[in-house]
Amino acid sequence: MSTGTAQGRNILVTGASGMLGGAVARLLMEQGHHVRTFQRRPAAFAQDGAQAETVQGSLTDELAVARAVTGVDAVVHLAAKVSFTGEWSDFVATNIEGTRALLKAARAAGVRDFVFVSSPSVAHFGTAIAGAGAGTADPERAHGNYARSKAAAELLALAEDSPAFRVAAVRPHVVWGPGDTQLVERVVARARAGRLPLLDHGTALIDSTYIDNAAAAIARTLERMDHAHGQALVVTNGQPRPVGELLAGICAAAGVRPPAWNVPGWLARGAGSVIERAWTAAGKRGLVRDEPPMTRFLAEQLSTAHWFDQRRTREVLDWSPAVSIEEGLDRLAEHYLGRSAVALNHHP
Amino acid sequence: MVTELWPGVRAVWSRRVNVPSTAAADPDGSTHTWHLLDNGPQLEERGITPAGTLLCVHGNPTWSYLWRSLLAAATDAEQPWRVVAVDQLDMGFSARTGTFRRLEDRITDLGDLTRELDLTGPVVTVGHDWGGLISLGWATRHRQQLAAVVLTNTAVHPAGYSVPAPLQLALHPAVHSWGTTTSAAFLRVTHALAHPPLAKDVREAFMAPYRSAGRRSGVGNFVADIPADPAAPSWGTLTGVADGIRSLDVPALVLWGPKDPIFSDRYLRDLLQRLPQADVHRFEGAGHLLPEDADIATPVFGWLDRLKTGVELRSGESAPGHAMADASTPETGSTEATSTAPVVGTGSFRPMLAELAERAGDTSPAVVDMAPLDAEPGTGPRTLSWAELAAVVDRLAAGLSSIGVKAGDRVNLLVPPGIELTSLIYACLKLGAVIVVADAGLGATGLSRAIKGAGPKFIIGIERAFVAARLFQWPGVKISATAMSAPKRALYGVSHTVEDLLQSIPGEPGTAAVTTDPDPDADAAILFTSGSTGPAKGVVYTHRQLAAMRDTLKDTYKLQAGTALVAGFAPFALLGPALGATSVTPDMDVTAPKTLTAAALAEAAAAVQATAVFASPAALNNVVATAAELSGPQRGALGEVELLLSAGAPIPEPLLAKVQRLVPNASLHTPYGMTEALPVTDISLEEIRSAGKGNGVCVGTPVAGAKVAVTALNPDGSSTDDPITRPGVTGEILVSAPHVKDRYDRLWITESRSRSVPGWHRTGDVGHLDEAGRLWVEGRLAHILTTAHGVKTPVAAEQAAESVPQVARAAVVGVGPAGAQVPVAVVETQPKARKPAPAAWKLSAKVRETVAAETGLDLASVLLVPELPTDIRHNSKIDRAALAQWAAKALAGGRMGQP
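Protein sequence lines correspond, in order, to chains V and D.
Read in our numbering, the first sequence has 91 at position 91, and its numbers run on one by one without any break.
For our numbering, count along the second sequence from 1 and bump the result up by 348.
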């Protein structure tokens, strides 16, 4: 089987300015592909001396999108508006209409394979998920504007799947690693400020994905399109942990005290709803720019179990994660402290 | 899409049939329209010839809807059956005839219907409630066609029994009209009997045909027709059916919900006495509406399949010449067993009483009681010589016989171990009465369930037992083991005392009572499982199997007649007189083995110069803990012990090493076994040490006469059917031995599973054999983890977790759906956690790392609990099923409750 190094393909990666998008772009280059990135701000990607080609533009700009897909064999679509708050119209424009435009342009340009990077939240309806399969995306029932818009986009993408234009959806769950601004740095910053609570003692079991594994699964999907197309695959480390333990591990790796105070889940969910609305209103008036400290969606994520049956994903992709949670935490500690966390994690 | 008329009822099954009536209630030439649920037309359309017909008759106030699960299963089966579930006239959606239909009419009606349907081929009747009686009435009048009878909670209303109390109330003229017809109260009360409660749509379906008072007249008349006394019009028909079924020679299956306020267990006992061939399954926790409370379709069709293939299983009452006609022997090496006979019952048989009979003139001690029953504290030990014991047993047997105890009668013994219990056991064995031994370790509820399940005809007990008997309404004639005042006798309903029985015997001891030895293959004893894996199960042993247990112990441990042993472990304690061994009962609270002190053990040993000790892990734990109190002579007495046996659960090597220091000259053995087979394998301390670490607990090699194999496991955690003796294969442990139980009592489903590999008993434990032929136990089948990486057993991971210094005890359970489970360790720490909580991050990491290094299992979480839930009897078997449920809930998010 081709590993991609023998014959490089021309691959467009959108959203490469994010942690995961960047990791995917670098990995594909490492595997010998010709990578073109597409993002709003100017950026450069280099890996082992090879330089990624960049196209600058927005998903809502038809011409820019057409330029981006010209001459590519495959697309990995990660670009999205990721936020816990914000106007629905903004999510529609970027996540739904942007995806629709990219799909249309890609098919018109003769692109063979399209990997839509999605989120397990498209099929998470607020109740605990324990060892379930991927489930079908449902924009009506998904919680929060982000998940709802991604659900709609995933359905759009998978509906386009055909033997000539193969589409697969990959849903990495809670991706973290060195340089992660979404989860790790927020957790660390809040813990440092003493503002990180545990919900219900942090017992909810959640899956997470170390960054290298998420990138590898996406790259692997491109190689396994024969098997993967038409499907939505949840990708995780396959090592669910109580959320409190995962947060404590991240804090320890960053050298800050792990969260010790506890908030009941129901209270956080209620407060989250209120804060979320207030934040969105304040945001409209230019009063706040950051993400709110708590949203209903976040409270649900932190207080209900969501971990997945990975058997189908691993069978379809013929792949398993190379980096364990423990090894990932070691690498995170190395990143933060410049030393191995072995002494921290595994003292005798 | 299948169209449903009511939840679970396919539209194609519902049909109406016009049936000419020959019932006395109707004028000549009457025809009535019946409503049926019948899958016959559907099968015919598919070109399927059914295996036979199930004729299902509902009771009052239900309708054919009750049988929908049978219709569905019969239609979809590999070999389909036709199911005709009728709505009786004036009931369900059948015609309202405007007549008062009595029992005789209803039996005639059913015959009219089957004639009109022109049912050909074999018919299996199925009945519930009063429908059971009517279906049996049909059965007695259609013997040519009858293939089998199936009954669920019903009564044939035997003479001498009164109408159930709730029905008596319903029958009262002032109540019954209002209760059954005018209001729908009777319907609602009946529907409310379901456990768990019926879903709303199901409740509505049951109510559907009885919406108006006019539609309910049949319900009222049905109740009014119940014959309460011989003057009632239907009395004659009733007794005719009740007597008639005694001559039914077809197989019978009785499925019973014990939580039934109407048809309580005593109707089951009556039924079994009339249908002794019946296979029985009591669904603990289920009630009157059994077909709603439990899955009856699987056992019904499983049972019918077995009938067809000729494999008969017996889980009912004693019947000679039973069971497993085509069971093949487990291994070709066996020369004793033939292909047409079960493994058991082929060796030479020496009755349990043989030793006692031979020693009837021996004046040396047979039994010693360190704390005699009913004695003042400090009275000192009581001793019976062999001659005295033989005489007491004879007198007791004669006394019991004089009050009506006869062969086959079940006698529940609620007497603590000691001279009384021993005498009573051997007296019952002598009479051929079946001893029911349920120990207080089951807890009050468990004990009550066990006794009601076994349904003893007699209960012999101490006062405390009768307090409970009164509270829980245990069945049986009550006999007090101790002297009792007249007011107390009246209070507890005690009819006799053991003292009376011993004294009231005229003439030569023993002559009147016993003339023949009991049949070796008749039931001898019912023991109970510990209940750590669900409700305690009754386990039936025949005389031959009890004798085989005795012989196995004797051969495995070289117990000579004349050995003196300390009987600190219940099931073996009763074997002393049969072994010809002097047995001494130590001074301890038998309800709690952990109350045995080192001094009490030593005193008991000193009293008979014991060379052997039988004990349990909990008892030994306390013996070690109290060793400092031993005096010099007491230590000396323990120094004489040559064999110490601890049964019940495995013992960690460090504890055994401490025990060894107390009995320096003894060989320490920890046999592995279960209530269904005691013992199966044996291992000594030296052998435990030489076996070292491995996947599970090494329990040694099979005892004399026993064979062990495993069946491989499926990825979903279920067990396959082929016995394997290849080393290294983890699977469900199978045992074959002459001393394996005869059957589970009134648990046909459990019994058929335990015997599904012919010639073997499925233990429900998992483990593997090693190259040296040793068995390693890795846990319970119900406790295995079905992870994405395959099936895993918990014990090795638990041992690894327990090697972490802070961890005192650990249970590893699977959380999540089968096949995608993740392992979770639930641990007790030292010092104890104050409340359940996730382990601190560092402890969690340490346990995870250790378990991963030893077993490769990746623990998702480590949860702390103040105490792991364990069974009462052994105080050691952790209820992992409950823990798994608790852990799943705790890890789903939300508040953490108590396990």
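What the hints contain is simulated information worked out from the structure, not anything from laboratory work.
Note that beta-carbon positions come from the ideal geometry of N, C-alpha and C, so glycine has one too.
Don't take each hint at face value.
Said to hold, decoys possible - Cβ-to-Cβ under 7 Å is the rule here; a few derived chain V residues that face chain D:
#1 G110
#2 G126
#3 A130
#4 P197
#5 T203
#6 A204
#7 P240
#8 T304
#9 D309
#10 R311
#11 E315
Now for the hints, and whether the structure bears them out:
no.: 1; hint: G110; verdict: 39 Å, violated
no.: 2; hint: G126; verdict: 11 Å, violated
no.: 3; hint: A130; verdict: 5 Å, holds
no.: 4; hint: P197; verdict: 14 Å, violated
no.: 5; hint: T203; verdict: 5 Å, holds
no.: 6; hint: A204; verdict: 3 Å, holds
no.: 7; hint: P240; verdict: 5 Å, holds
no.: 8; hint: T304; verdict: 4 Å, holds
no.: 9; hint: D309; verdict: 4 Å, holds
no.: 10; hint: R311; verdict: 5 Å, holds
no.: 11; hint: E315; verdict: 10 Å, violated
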